[in-house]
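Peer 1: Residue numbers (my numbering), protein chains in the order written: chain A, 4 to 196; chain B, 4 to 196; chain C, 4 to 196; chain D, 4 to 196.
Derived from the structure by calculation, the hints contain no laboratory data.
Some hints here could point you the wrong way.
Chain copies aren't distinguished; within one or between two, either way the pair holds.
[What the hints assert, rightly or not] Think about it this way: if two alpha-carbon atoms lie no more than 20 Å apart in a straight line, the pair counts; the simulated SDA-like pairs of lysine to any residue are: (1) K40 with V114; (2) K190 with S76; (3) K29 with F109; (4) K40 with T104; (5) K6 with D146; (6) K40 with F103; (7) K148 with I113; (8) K131 with G171; (9) K141 with S105; (10) K71 with K193; (11) K190 with G75.
One-letter residues, chain by chain:
Protein chains: 4
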Amino acid sequence: MTKGRLEAFTDGVLAIIITIMVLELKVPHGGSFEDLKSLLPIFLSYVLSFIYIAIYWNNHHHMMQTAKHVTGSILWANMHLLFWLSLVPFVTSWMGENHFTSASVFLYGIVLLGAAISYVLLQFLIIKSHGKESVLAKALGNDFKGKISPILYVIGIVASFFNVWISGIAFIGVAIIWLIPDRRIEKALKNEN
Amino acid sequence: MTKGRLEAFTDGVLAIIITIMVLELKVPHGGSFEDLKSLLPIFLSYVLSFIYIAIYWNNHHHMMQTAKHVTGSILWANMHLLFWLSLVPFVTSWMGENHFTSASVFLYGIVLLGAAISYVLLQFLIIKSHGKESVLAKALGNDFKGKISPILYVIGIVASFFNVWISGIAFIGVAIIWLIPDRRIEKALKNEN
Amino acid sequence: MTKGRLEAFTDGVLAIIITIMVLELKVPHGGSFEDLKSLLPIFLSYVLSFIYIAIYWNNHHHMMQTAKHVTGSILWANMHLLFWLSLVPFVTSWMGENHFTSASVFLYGIVLLGAAISYVLLQFLIIKSHGKESVLAKALGNDFKGKISPILYVIGIVASFFNVWISGIAFIGVAIIWLIPDRRIEKALKNEN
Amino acid sequence: MTKGRLEAFTDGVLAIIITIMVLELKVPHGGSFEDLKSLLPIFLSYVLSFIYIAIYWNNHHHMMQTAKHVTGSILWANMHLLFWLSLVPFVTSWMGENHFTSASVFLYGIVLLGAAISYVLLQFLIIKSHGKESVLAKALGNDFKGKISPILYVIGIVASFFNVWISGIAFIGVAIIWLIPDRRIEKALKNEN
C-alpha cells in the first residue's frame with residue numbers, strides 16, 4: 004500500500020484542527036482594546052496548542068519520509084493518533100475559557116498524553132514493519148525526547164490538582180524540547196542515500 | 004481519467020467531517036469535572052461516528068488502490084457517498100444532545116444505511132468498469148461484511164421504535180465487524196504484482 | 004507552472020464549502036421527528052447547493068485534465084470562481100432559514116450567476132493559453148450547456164420578484180442539465196491519446 | 004526532504020482560512036434586503052481578507068516552485084507564517100462587526116504586518132538554503148513590492164489612531180500592488196529551463 008493518501012488525510016485533519024481552534028476566539032462585542040482582554044487566556048492556550056499541532060505535523064512528516072510502505076495496522080494507529088489530536092481544540096478552549104481551572108488543565112494533559120502514547124505506538128508499528136535496521140529505527144537511537152515527554156505530561160497531570168502553574172511549565176517544557184532543532188531523521192535519511 | 008483528484012477531494016471531505024464533529028462538543032461554561040458530565044452522550048456518539056468515518060476512509064483507500072481509472076458515473080457515485088457521510092455530524096450531535104431518543108437513533112441508522120448502500124453502489128460501478136477478473140472483484144469474494152452490514156442497520160433502525168439499546172448494539176456491531184483486520188484487498192493486490 | 008497545487012487548493016476549498024453548509028443544519032433542541040420539520044427548507048436548500056458544488060467540482064476536474072499548464076491570470080480567474088462559490092453556504096442558509104423569501108432567492112441566483120460567469124471566464128483563459136486547437140476548445144464545441152445556464156439563472160433572478168417557484172424551477176433546471184451525462188471532454192481526451 | 008507535504012499542508016490551512024471567514028457572515032434573521040444591510044462592513048472586510056489570503060497563496064505557490072528542497076527551519080518559518088494568517092479570520096470579523104473602530108483596524112494591521120514579516124523570513128531562509136545564484140534570489144531582484152508593503156502596513160497601523168480611512172487606503176493599497184501582474188518568478192523559472 005502506498006503512503007500518499009495516509010499523508011494527505013493526516014495533513015487535512017491537522018490543517019483543520021489547527022485552523023478550527025481559532026474559531027474559539029469568539030469575536031467580542033465591543034470594539035476597544037479593553038474588550039480583547041478577556042480573550043487573553045484563550046489566546047495563550049491557542050498559541051500553545053498551535054505549537055503542539057505544528058510539532059506533531061513536523062514529526063509525522065519526518066517519520067513518514069522514512070516509511071516505505073504502510074500496513075493496515077499503521078493506518079489504524081494513525082487514525083488513533085488523529086482521534087486524540089481531534090480533541091485538542093475542545094480541551095484548548097475549555098482550558099482557556101475557564102482560566103486554567105484544575106480540571107481543565109488536567110484534561111488538557113490527558114489529551115496530550117493520549118496523543119503522545121498513540122504517536123509512540125504508530126512509530127513502533129512503522130519500525131516493526133520496516134525492521135530494526137531501517138532508517139527510522141537508526142534515526143531514533145535511544146529516543147530521549149520520546150521518553151522524557153510522557154514523564155513531563157504525567158508530572159503536569161498530577162500537578163494540576165495542586166498547582167496549575169507547575170502543569171503549565173511541564174506542558175510548555177515539552178513543547179520547547181521538541182522545538183529545539185533535531186536533525187536525527189534528516190541525517191539518517193542522508194546517510195541512506 | 005485519473006483517480007488522483009477523486010481521492011484528494013474525498014480525503015478533504017472526510018477529514019473535514021471527522022474534525023467538524025468535535026465542534027459539536029460545545030465547551031461547557033463551568034470549569035469543573037461536573038460540568039463535563041452532560042457532554043458524555045455527545046462524546047460517545049462522537050467516538051462511534053469517528054470510528055465509522057475512519058472505517059469508510061480506510062475501505063475507500065483500499066478500494067481505490069485497486070481502481071485503475073475512474074468514469075463519470077464513478078465520480079457521481081462517490082459524490083453520492085459523500086453526501087450521506089456529510090450528514091453524519093448532524094445526526095451524531097442530534098442523537099447525542101437528545102440522549103438517544105427513538106427518533107434520533109432512527110435517523111442515525113437511516114444515514115448509516117444510506118452511506119452503506121451508496122458505498123456498495125460505488126463498489127459495483129468500479130467492478131463493472133474494471134471487469135469481473137479485476138483485483139477488486141476477486142478481493143471481495145462473497146463480501147460477507149458488505150452483506151451483513153445493511154441487515155444490521157435495518158435491525159437497528161426498526162429496533163429504534165422499541166428499544167434504542169438494541170439499535171446501539173447493532174450499530175456498534177457493524178463497526179466491530181469492520182474493525183476486525185481484513186486483508187482481502189491487500190492480498191489480492193499482492194497476488195496481482 | 005504546474006497545475007497540481009491549483010487543483011489541490013481548489014479541492015480543499017470546495018471540500019470545505021460542501022461540508023460547511025451542513026453546519027447550518029443547526030441541531031434542534033427537541034429529540035422528536037416533529038422538531039426536525041422546521042429544518043426541511045434548510046435541508047432542501049442544502050441538497051440543491053451540494054449538487055451545485057459537486058457539479059462545479061466535476062466540471063473543474065474535467066476542464067483541468069485538459070490543461071497542460073497554468074498562467075498567472077488562470078490562477079486569479081480560479082480564485083475569482085472560488086470567491087463566488089465561497090458565498091454559496093451563506094446564501095443557501097439565508098434562503099433556507101427564511102423559507103425562500105423573494106430577496107433570499109434573488110441573492111441565491113446572483114451568487115450562482117456570478118459563479119457561472121467566473122467559470123466561463125476561467126474556461127476562456129485556459130482555452131486562450133492553450134490555443135483553439137486544444138483539447139478543451141474542441142471538447143466544448145458550441146457549449147450549449149454553458150450558454151443556456153446563465154439565461155436560466157437570469158430568468159430565475161428576475162422571477163424571484165414575482166414568483167419564487169419559477170426561480171426554483173429555473174435553478175433546479177440548470178442542475179439537471181449538468182447532471183445529464185456529458186462525455187465531451189472524456190471523448191476529446193481519448194481522441195487526443 | 005521533499006516539499007510536497009509542506010505545500011499540501013499550507014494549501015489545506017489556507018483553504019480553510021479563506022472558507023472559514025465566510026462563517027462570520029452570520030445569517031440574519033429577517034429575509035428582506037433591509038436585513039442584509041448590517042452585514043455590509045463584515046462583507047467588505049471579508050472581500051479584503053479573501054484577496055489577501057489569495058495573494059499569499061499565489062506568492063507562496065510561486066516561491067515554492069523555485070525551491071528544490073526544504074529544511075527544518077523552512078518548515079518552522081512556514082508554520083510561523085501560517086500562525087499569523089490563522090489570525091486573519093478573527094481580526095477580519097472583529098473589524099467588520101465593530102464597523103472599523105480604531106482598535107480593530109490597528110489589530111488588523113498588526114496581523115497583516117506579522118504575516119508580511121514572517122513571509123519575508125521564509126523567503127530569506129529559502130534563498131539562504133539555495134544560494135544567491137538560485138532562481139528565487141534572481142527573480143526577486145531588489146524586491147520593491149516586498150519592501151514597500153511593510154512600510155504601508157506601518158503607516159496604516161499608526162494612522163488607525165487618528166483616521167481609520169487612511170489605514171483602509173494603506174491596506175487596500177498593498178493588496179492592489181500585489182494584484183498587479185508580476186512575472187518575475189515565471190520569467191526566472193523559464194530562463195532556468
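Peer 1: Determine for every hint whether it applies to the structure shown.
Peer 2: Verification of the supplied hints:
In this assembly of identical chains, the alpha carbons of K40 and V114 lie at most 20 Å apart only when taken from different copies (17 Å versus 27 Å within one copy). With identical chains, the CA atoms of K190 and S76 are at most 20 Å apart between copies only, with a shortest distance of 15 Å across copies and 27 Å within one. Proximity of K29 to F109 under the C-alpha cut-off of 20 Å is restricted to the inter-copy arrangement: shortest distance 18 Å between copies versus 24 Å within a copy. Proximity of K40 to T104 under the C-alpha cut-off of 20 Å is found in both arrangements, the shortest distances being 18 Å within a copy and 16 Å between copies.
When the C-alpha separation of K6 and D146 is checked against a cutoff of 20 Å, the pair qualifies neither within a copy, at 24 Å, nor between copies, at 26 Å. For the identical chains of this complex, K40 and F103 are neighbours both inside a copy (16 Å) and across copies (18 Å), given an alpha-carbon limit of 20 Å. Proximity of K148 and I113 under a CA criterion of 20 Å is satisfied intra-copy only: 18 Å inside one chain copy versus 35 Å between copies. For a Cα distance limit of 20 Å, the shortest separation of K131 from G171 qualifies neither inside one copy, at 35 Å, nor across copies, at 36 Å.
Taking CA atoms no more than 20 Å apart as the test, K141 paired with S105 passes in neither setting, with 40 Å inside one copy and 55 Å between copies. In this assembly of identical chains, the alpha carbons of K71 and K193 lie at most 20 Å apart whether taken from the same copy (15 Å) or from different copies (16 Å). When the C-alpha separation of K190 and G75 is checked against a cutoff of 20 Å, the pair qualifies only between copies, where the shortest distance is 12 Å, while the shortest distance within a copy is 29 Å.
In summary, the structure is inconsistent with hints 5, 8, 9 from the numbered list given earlier, while agreeing with the others.
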